[in-house]
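Dock chain E against the given chain B, drawing on the hints supplied.
2 protein chains.
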Amino acid sequence: MFPYKTSLHINRRSKEPLFLQLTNQFIHLIKEGTIPSGTKLIGTRSLAELLQVHRKTIVACYEELVMQGWLEAIPKKGTFVPKDLPFLKSEDYRGNEISNHTDQIGFSYYKSNLHHRTIEKKDDWMYINDGVSDGRLTPTEDLAKIYRRISSRKNITKHLGYISTQGNDQLRNVLANYLNETRGLSITKEHILITRGSQMGIWLSAQLLLKEEDIIVVGETNYASADITFLHQKAKVLRVPVDENGIDTVALENICESQQIKGVYVTSHHHHPTTVTLSAERRICLLNLAKKYSFAIIEDDYDYDFNYNHAPILPLASHDVHNNVIYIGSVCKTVAPVFRVGYLIANKEFVNEASQIRGLVDRQGDALLELTFAEFIESGDLDRHIRKVHKVYEKRRDLFCDLLREELNEYFSFKKPKGGMAVWLTLNKKYTWLEVTRAARKYKLEIGNFSRYDMAKTNHNAIRMGFARFNVAELHELIKRMKLTMIDLANLEKFA
Amino acid sequence: MFPYKTSLHINRRSKEPLFLQLTNQFIHLIKEGTIPSGTKLIGTRSLAELLQVHRKTIVACYEELVMQGWLEAIPKKGTFVPKDLPFLKSEDYRGNEISNHTDQIGFSYYKSNLHHRTIEKKDDWMYINDGVSDGRLTPTEDLAKIYRRISSRKNITKHLGYISTQGNDQLRNVLANYLNETRGLSITKEHILITRGSQMGIWLSAQLLLKEEDIIVVGETNYASADITFLHQKAKVLRVPVDENGIDTVALENICESQQIKGVYVTSHHHHPTTVTLSAERRICLLNLAKKYSFAIIEDDYDYDFNYNHAPILPLASHDVHNNVIYIGSVCKTVAPVFRVGYLIANKEFVNEASQIRGLVDRQGDALLELTFAEFIESGDLDRHIRKVHKVYEKRRDLFCDLLREELNEYFSFKKPKGGMAVWLTLNKKYTWLEVTRAARKYKLEIGNFSRYDMAKTNHNAIRMGFARFNVAELHELIKRMKLTMIDLANLEKFA
Numbered sequence: 000m001f002p003y004k005t006s007l008h009i010n011r012r013s014k015e016p017l018f019l020q021l022t023n024q025f026i027h028l029i030k031e032g033t034i035p036s037g038t039k040l041i042g043t044r045s046l047a048e049l050l051q052v053h054r055k056t057i058v059a060c061y062e063e064l065v066m067q068g069w070l071e072a073i074p075k076k077g078t079f080v081p082k083d084l085p086f087l088k089s090e091d092y093r094g095n096e097i098s099n100h101t102d103q104i105g106f107s108y109y110k111s112n113l114h115h116r117t118i119e120k121k122d123d124w125m126y127i128n129d130g131v132s133d134g135r136l137t138p139t140e141d142l143a144k145i146y147r148r149i150s151s152r153k154n155i156t157k158h159l160g161y162i163s164t165q166g167n168d169q170l171r172n173v174l175a176n177y178l179n180e181t182r183g184l185s186i187t188k189e190h191i192l193i194t195r196g197s198q199m200g201i202w203l204s205a206q207l208l209l210k211e212e213d214i215i216v217v218g219e220t221n222y223a224s225a226d227i228t229f230l231h232q233k234a235k236v237l238r239v240p241v242d243e244n245g246i247d248t249v250a251l252e253n254i255c256e257s258q259q260i261k262g263v264y265v266t267s268h269h270h271h272p273t274t275v276t277l278s279a280e281r282r283i284c285l286l287n288l289a290k291k292y293s294f295a296i297i298e299d300d301y302d303y304d305f306n307y308n309h310a311p312i313l314p315l316a317s318h319d320v321h322n323n324v325i326y327i328g329s330v331c332k333t334v335a336p337v338f339r340v341g342y343l344i345a346n347k348e349f350v351n352e353a354s355q356i357r358g359l360v361d362r363q364g365d366a367l368l369e370l371t372f373a374e375f376i377e378s379g380d381l382d383r384h385i386r387k388v389h390k391v392y393e394k395r396r397d398l399f400c401d402l403l404r405e406e407l408n409e410y411f412s413f414k415k416p417k418g419g420m421a422v423w424l425t426l427n428k429k430y431t432w433l434e435v436t437r438a439a440r441k442y443k444l445e446i447g448n449f450s451r452y453d454m455a456k457t458n459h460n461a462i463r464m465g466f467a468r469f470n471v472a473e474l475h476e477l478i479k480r481m482k483l484t485m486i487d488l489a490n491l492e493k494f495a
Numbered sequence: 000m001f002p003y004k005t006s007l008h009i010n011r012r013s014k015e016p017l018f019l020q021l022t023n024q025f026i027h028l029i030k031e032g033t034i035p036s037g038t039k040l041i042g043t044r045s046l047a048e049l050l051q052v053h054r055k056t057i058v059a060c061y062e063e064l065v066m067q068g069w070l071e072a073i074p075k076k077g078t079f080v081p082k083d084l085p086f087l088k089s090e091d092y093r094g095n096e097i098s099n100h101t102d103q104i105g106f107s108y109y110k111s112n113l114h115h116r117t118i119e120k121k122d123d124w125m126y127i128n129d130g131v132s133d134g135r136l137t138p139t140e141d142l143a144k145i146y147r148r149i150s151s152r153k154n155i156t157k158h159l160g161y162i163s164t165q166g167n168d169q170l171r172n173v174l175a176n177y178l179n180e181t182r183g184l185s186i187t188k189e190h191i192l193i194t195r196g197s198q199m200g201i202w203l204s205a206q207l208l209l210k211e212e213d214i215i216v217v218g219e220t221n222y223a224s225a226d227i228t229f230l231h232q233k234a235k236v237l238r239v240p241v242d243e244n245g246i247d248t249v250a251l252e253n254i255c256e257s258q259q260i261k262g263v264y265v266t267s268h269h270h271h272p273t274t275v276t277l278s279a280e281r282r283i284c285l286l287n288l289a290k291k292y293s294f295a296i297i298e299d300d301y302d303y304d305f306n307y308n309h310a311p312i313l314p315l316a317s318h319d320v321h322n323n324v325i326y327i328g329s330v331c332k333t334v335a336p337v338f339r340v341g342y343l344i345a346n347k348e349f350v351n352e353a354s355q356i357r358g359l360v361d362r363q364g365d366a367l368l369e370l371t372f373a374e375f376i377e378s379g380d381l382d383r384h385i386r387k388v389h390k391v392y393e394k395r396r397d398l399f400c401d402l403l404r405e406e407l408n409e410y411f412s413f414k415k416p417k418g419g420m421a422v423w424l425t426l427n428k429k430y431t432w433l434e435v436t437r438a439a440r441k442y443k444l445e446i447g448n449f450s451r452y453d454m455a456k457t458n459h460n461a462i463r464m465g466f467a468r469f470n471v472a473e474l475h476e477l478i479k480r481m482k483l484t485m486i487d488l489a490n491l492e493k494f495a
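Going down the list, the sequences are from chains B and E.
The first sequence: position 143 = 142 (numbering that gives the first Met the number 0), numbered continuously.
The second sequence: position 173 = 172 (numbering that gives the first Met the number 0), numbered continuously.
Because the hints were derived from the structure by calculation, they are not lab data.
It should be emphasised that the depicted structure is a prediction, and the values quoted were computed from it without experimental measurement.
Not one of these hints is a red herring.
The list treats identical chains as interchangeable, and a pair is accepted whether it falls inside one copy or across any two copies.
Cross-link-like lysine-lysine pairs, in silico, PhoX-like; alpha carbons within 20 Å at most:
hint	residue 1	residue 2
1	K233	K210
2	K88	K291
3	K233	K110
4	K387	K14
Extracted from the complex, chain B is given alone in its bound form (with noise of 0.2 Å):
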């Protein structure tokens, strides 16, 4: 006889009922073929004594097992196992426990050159970013309020199903309003569509305009999510100098003048990784070349809501008279990236491809959300929220300057910023990133992945380094970290 009660365990104190856990154990044993196909099975009243459970339990085991196809009750015979069931060929299996299973794949498949990772943070270390918000001052509380408001609505209902891969009607609606009031824009709610954040925006746009070897323009330091998305895409990517006054049109023309572009992308405002503004020289130039040579320009406006010295500069979208430009943004620095809403811009056709596509990847969007944020804007919470965070962000940077001029000169050279989060730190050439990211780890100082500054590989030895998260005793901690590290990089150097 099969060894029923070897083979079968009860575990009293787990949820899952009795008979379940008898009808697992068997489905595996019939399915490794450990009890094999023609098999009759013991009687239920005895099985239940071999087990010491009560005979229903068995009852309900087999019927389940019969139910489900891994049993067959003959009448007046007895309950059996199939006789043409295969059993599951599992050689390294059989007789072992399933966790012993090694982890090695059964089938083929595409693996991408993408490394991205997320460093695991600890308590007592600095983490260098290029630019992000600081958490504190996130009014996730009041956001948390309007969801569970709008949750307890009753007509919430209607938005819980299956909705518009372009995203929630009112937050469309309020976001042009918000849009066309900010940054001079003139749009209707059919040229929106609401993604999880910007990069869903680079990423759709890239499906749109690019197929392999299509050419793609960027600076040549860039922001290098974009870079590597557009790589993906097996687009060629092409870059041309970024000076003081942002990414070279006279480069871009002459690229135009030989060869047809789908595109190019452009952090206007504040270019990434450099920090700079686009001129307005060159903002007329490069909406005359998407014109001339039927472009489109791909404006990731991340920093809009960041100027410190004048007013907000609006965006090429803003004048984008022949509808060359897909305008990008979210909330991910102006509230915080834990909140998935962005915005892709364009003519209505456009969105509307852009917004099957992404039904593809990501069916819809959070409703909820998305009506969070809709009150959000439309209360002028949002506004609110900008103008106070804005006043510390300035007052930090000018802070993180100041310390960096005092204590750090001859190791680093930069320009104030006119915005933004972040510093664009160039290096002294005695030195090297890798070295100070080596070194900075002792003083608990994680630099993280310089080189996504360089995708070019100029060797322009800068990074970007933000300032928004620090506070100000943060500050002074993050700068005497870094005197200690490039102290030790000297002195090294010097007893070299």
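Showing chain E alone in chain B's frame:
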């Protein structure tokens, strides 16, 4: 002199400061060339008088324009539009209002063949769906309460920034335990990628498995969104028959013998759309074939929680000893589509690759929502919710099937489904769904896109009709409208 007074407009009720209103209007005028480059601007005092504003406003405006590069101030000479400033070429723009610009796009892009459309719902209409939960039973308020509680925690700050593309660790741990307990898996968090829902899981699997001309096998009838995802990936979609035991594994083996397939997509627990369960024998066959021919099984277990006649059937993934299964699920059916939380489960390396691609498309998940679901699952609330709706839906299934048989037997045939939220309803061949769809509108009944159930064009004349969203009164009403529709059609036929 340039007609400043008629060209510049001041809106004292706008939230935008006066100086900024003027700044932005000047920028437009300069960009267009309406104020040509080289022009000397009127003095601040004179302009202030002309526009009846304080002189400080004009000074601020000019300063802003100088700062942004639209004007240059030459000491002792005055303020000029820079000589070399190009103007924006916009023949159809000049002199018109911005809102007049056409919506014709200024660049070329690739169009997909996707035509997903969300119907705008009217209040007194009834809409047939393919099996969606009833939003009135969704614990939206409970979830929102948890969301708010989480958002008020002191340590929430660390969840607000950029986090892992694989999803929140706490949810991954909770989910690993939950799925091990409920579905007989034996996984840890490393095997889990948190997605936005099943669609993202299907799409990511397609990205990793399929390039142009790679073969994926699906049922002759299949979930249309999966088909569309594979076709969009340019894969070759081969079909095998589906009978009352699910997909035909003999036909699958025949394909495997002659060509290398990359994967099989299967909704083992209630085939979509026909609602049948993959039989025990075929489950084993499918796993054995996957091992023998080294292909992936994409197991989309959308319907796991809804099995009325017997205990839940463990997924293929519960016996995936050779790592052939990519297991996909979400809370969309169980809780509501608005909650964008799903998962993809596979070997670690595959999950890591999938999370890289996910990062390109959608930088990260929503940590607050993910934490909310971690608590909802861990506290047992999810299980309690499932038990509650399970009973309701079972009753609705019984009622719907009884009514169909009593009232509409001559028009439709069906088998009562063992689980799920929909019935596979075959229309008498005398009629077509196109006729029914058109005729039903008279009774404010919208059938929707019936062609999605027959992607292979086999003319099975059946659609999937969801019952779970309708309560008792609504089910009676639905049957009434269907009957009126069918009577109309029968009469038409009689007198034709």
